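Each residue of the sequence shown is one higher than the one before, starting from 737 at the first, in our numbering.
These aren't lab readings, by the way, just hints derived from the structure by calculation. Everything numeric in this text was worked out from a predicted model, so none of it was measured. Some hints here could point you the wrong way.
Derived Cβ-Cβ restraints for the label pairs, each shown as a range [as the list claims (entries may be wrong)]:
no.	residue 1	residue 2	range
1	PRO782	LEU755	27 to 33 Å
2	ARG738	ARG794	39 to 45 Å
3	GLU808	GLN743	44 to 50 Å
4	THR750	PRO781	39 to 45 Å
C-beta: ideal position from N, C-alpha, C; glycine also.
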Amino acid sequence: MRSVADQLRAEDRTALAALTPAERVALALRLGERDLEAFRLAHEPPLERDEARRRLERQRQHGRRRSRCVEELIG
Numbered sequence: 737m738r739s740v741a742d743q744l745r746a747e748d749r750t751a752l753a754a755l756t757p758a759e760r761v762a763l764a765l766r767l768g769e770r771d772l773e774a775f776r777l778a779h780e781p782p783l784e785r786d787e788a789r790r791r792l793e794r795q796r797q798h799g800r801r802r803s804r805c806v807e808e809l810i811g
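Start from the sequences, fold in the hints, and give me the full structure.
In structure tokens:
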């Protein structure tokens with residue numbers, strides 16, 4: 737017996753397979769922008785776009801080996 741989640745995953749895979757590579761890249765960029773906006777608005781007061789991007793990048797780098805280059809880029 738297939739679950740609803742299994743069915744939705746299969747539908748998503750089918751829909752993504754029908755996209756061209758350019759359409760997949762455009763979709764990934766749109767999803768990234770959507771998620772950045774959600775993160776930005778989740779703070780009170782809402783963060784500036786650049787500050788939200790910097791915070792996400794810092795979180796992504798947390799626990800990794802220090803790199804002066806990356807630190808200069810993300811503050």
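Hints, verified against the model:
1. PRO782 - LEU755: 27 to 33 Å: At roughly 32 Å between Cβ atoms, LEU755 and PRO782 fall inside 27 to 33 Å, so the hint holds.
2. ARG738 - ARG794: 39 to 45 Å: holds, 41 Å
3. GLU808 - GLN743: 44 to 50 Å: holds, 47 Å
4. THR750 - PRO781: 39 to 45 Å: holds, 42 Å
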